[in-house]
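Visitor: Numbers 1 to 161, taken from my numbering, label the letters of the sequence shown in order.
Hints are computed from structural coordinates only; laboratory data are not their basis. Here the structure is a predicted model, which means the values were calculated and not measured. Do not take every clue at face value.
[What the hints assert, rightly or not] Think about it this way: if two alpha-carbon atoms lie no more than 20 Å apart in a straight line, the pair counts; the simulated SDA-like pairs of lysine to any residue are:
hint: 1; residue 1: K141; residue 2: N44
hint: 2; residue 1: K49; residue 2: I113
hint: 3; residue 1: K130; residue 2: K110
hint: 4; residue 1: K136; residue 2: A104
hint: 5; residue 1: K136; residue 2: N44
hint: 6; residue 1: K136; residue 2: L14
hint: 7; residue 1: K141; residue 2: E12
hint: 8; residue 1: K143; residue 2: P125
hint: 9; residue 1: K74; residue 2: H62
hint: 10; residue 1: K110; residue 2: V94
hint: 11; residue 1: K143; residue 2: L123
hint: 12; residue 1: K49; residue 2: D15
hint: 13; residue 1: K136; residue 2: H62
hint: 14; residue 1: K143; residue 2: M11
hint: 15; residue 1: K136; residue 2: S43
hint: 16; residue 1: K49; residue 2: K143
hint: 17; residue 1: K136; residue 2: R121
hint: 18; residue 1: K130; residue 2: L112
hint: 19; residue 1: K49; residue 2: W131
hint: 20; residue 1: K130; residue 2: N44
hint: 21; residue 1: K136; residue 2: K49
hint: 22; residue 1: K110; residue 2: N44
hint: 23; residue 1: K130; residue 2: K49
hint: 24; residue 1: K136; residue 2: V155
hint: 25; residue 1: K110; residue 2: E59
[What the hints assert, rightly or not] Ranges between beta-carbon positions, derived for each pair:
hint: 26; residue 1: Q127; residue 2: E12; range: 34 to 42 Å
hint: 27; residue 1: K136; residue 2: N99; range: 44 to 52 Å
hint: 28; residue 1: S24; residue 2: R84; range: 33 to 41 Å
hint: 29; residue 1: R98; residue 2: K130; range: 18 to 26 Å
Beta carbons: idealized from backbone N, C-alpha and C, even for Gly.
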Amino acid sequence: VQPSDVLVAQMEALDASPQPMAFSEVYGALQTGVVDGQENTWSNIYGQKFFEVQDGITETNHGIIDYMVVASTKFMDGLPEEVREQFTTILHEVTEQRNAESTAVDEQNKELIVEAGSEIRTLTPEQRQKWVDAMKPVWDKFKDDIGQDLIDQAVASNASN
1 VQPSDVLVAQ MEALDASPQP MAFSEVYGAL QTGVVDGQEN TWSNIYGQKF FEVQDGITET
61 NHGIIDYMVV ASTKFMDGLP EEVREQFTTI LHEVTEQRNA ESTAVDEQNK ELIVEAGSEI
121 RTLTPEQRQK WVDAMKPVWD KFKDDIGQDL IDQAVASNAS N
């Protein structure tokens with residue numbers, strides 16, 4: 001996994017032994033058996049050719065990677081109200097569009113991986129629920145950092161998918 005307390009806690013909650021490492025080391029670690037798997041987007045799996053050195057991919061949908069724009073409160077508060085409102089509207093529109101494009105590219109890369117002959121394993125509803133249940137202590141562990149409201153929104157969004 002990427003060096004991240006959240007990702008390490010997620011994998012530990014699943015009784016895995018996470019090995020935090022640089023992204024550039026993952027292919028070699030898979031190839032030599034230092035690690036059994038990796039956690040990445042379809043685009044990363046395809047672009048880095050991880051699928052070539054692992055026996056298949058389990059699609060868990062246990063996380064999401066979106067892209068966001070971050071601006072300081074000082075900068076935002078320094079803008080005239082009308083400009084700030086326009087800026088915020090534009091940022092929301094562009095962020096939504098870019099995330100949609102990223103999702104489309106990810107799906108295209110998944111198809112390329114399938115076409116290359118990789119086995120894609122999907123969780124049954126029962127297996128998926130076990131993952132959800134295993135993650136609940138992780139959510140609790142990081143709720144002060146993340147915010148309960150954001151966790152609640154993620155849970156609600158996930159329930160609708």
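Visitor: Taking the hints in turn, state whether each one holds.
Guide: Checked hints:
A distance of roughly 28 Å separates the Cα atoms of K141 and N44; the hinted pair therefore is violated under the 20 Å criterion. Taking the CA atoms of K49 and I113, the gap is near 9 Å; set against the 20 Å cutoff, the hint holds. With a C-alpha separation of about 24 Å, the suggested pair K130 and K110 falls outside the 20 Å cut-off, and the hint is violated. Of the supplied pair hints, the one linking K136 and A104 is violated, its CA atoms being roughly 29 Å apart against a limit of 20 Å.
Between the alpha carbons of K136 and N44 the distance comes to roughly 27 Å, so the proposed pair goes past 20 Å and is violated. At most 20 Å may separate the alpha-carbon atoms for a hinted pair to count; K136 and L14 meet this at roughly 11 Å. Using a Cα cut-off of 20 Å, the hinted pair K141 and E12 holds, with the two alpha carbons roughly 13 Å apart. Only pairs whose Cα atoms come within 20 Å are accepted, and K143 paired with P125 is rejected, the gap being roughly 26 Å.
A hinted pair counts as satisfied when its Cα atoms are at most 20 Å apart, and K74 with H62 does not qualify at roughly 34 Å. Of the supplied pair hints, the one linking K110 and V94 is violated, its CA atoms being roughly 24 Å apart against a limit of 20 Å. Among the hinted pairs, K143 with L123 is inconsistent with the structure: their alpha-carbon atoms are about 26 Å apart, more than 20 Å. A distance of roughly 26 Å separates the Cα atoms of K49 and D15; the hinted pair therefore is violated under the 20 Å criterion.
Restraint check for K136 and H62: satisfied, since their Cα atoms lie roughly 12 Å apart, inside the 20 Å limit. The straight-line distance between the Cα atoms of K143 and M11 is roughly 17 Å, inside the 20 Å bound, and the hint therefore holds. Of the pairs offered as hints, the one joining K136 and S43 is violated, with about 27 Å between alpha carbons and a cut-off of 20 Å exceeded. For a cut-off of 20 Å, the pair hint linking K49 to K143 is broken: about 35 Å separates their Cα positions.
As the CA atoms of K136 and R121 are separated by approximately 23 Å, the hinted pair breaks the 20 Å bound. In summary, the hint linking K130 to L112 is not supported, as the alpha carbons are separated by about 29 Å, beyond the 20 Å threshold. Among the hinted pairs, K49 with W131 is inconsistent with the structure: their alpha-carbon atoms are about 26 Å apart, more than 20 Å. Annotation: proposed proximity of K130 to N44 is violated, straight-line Cα distance about 26 Å (limit 20 Å).
At most 20 Å may separate the alpha-carbon atoms for a hinted pair to count; K136 and K49 exceed this at roughly 32 Å. Restraint check for K110 and N44: satisfied, since their Cα atoms lie roughly 10 Å apart, inside the 20 Å limit. Using a Cα cut-off of 20 Å, the hinted pair K130 and K49 is violated, with the two alpha carbons roughly 29 Å apart. Distance hint between K136 and V155 is fulfilled; the C-alpha atoms sit about 10 Å from each other, no more than 20 Å.
Restraint check for K110 and E59: the C-alpha separation of about 10 Å stays at or below 20 Å, so the hint holds. Evaluation of the 34 to 42 Å hint for Q127 and E12 yields a failure: the beta carbon distance comes to about 18 Å. Between K136 and N99 the Cβ separation comes to about 26 Å, which falls outside the hinted range of 44 to 52 Å. Distance hint check: the CB atoms of S24 and R84 are about 39 Å apart, consistent with the given range 33 to 41 Å.
R98 and K130 have their C-beta atoms about 33 Å apart, which leaves the hinted 18 to 26 Å range violated.
The earlier numbered hints that this structure contradicts are 1, 3, 4, 5, 8, 9, 10, 11, 12, 15, 16, 17, 18, 19, 20, 21, 23, 26, 27, 29.
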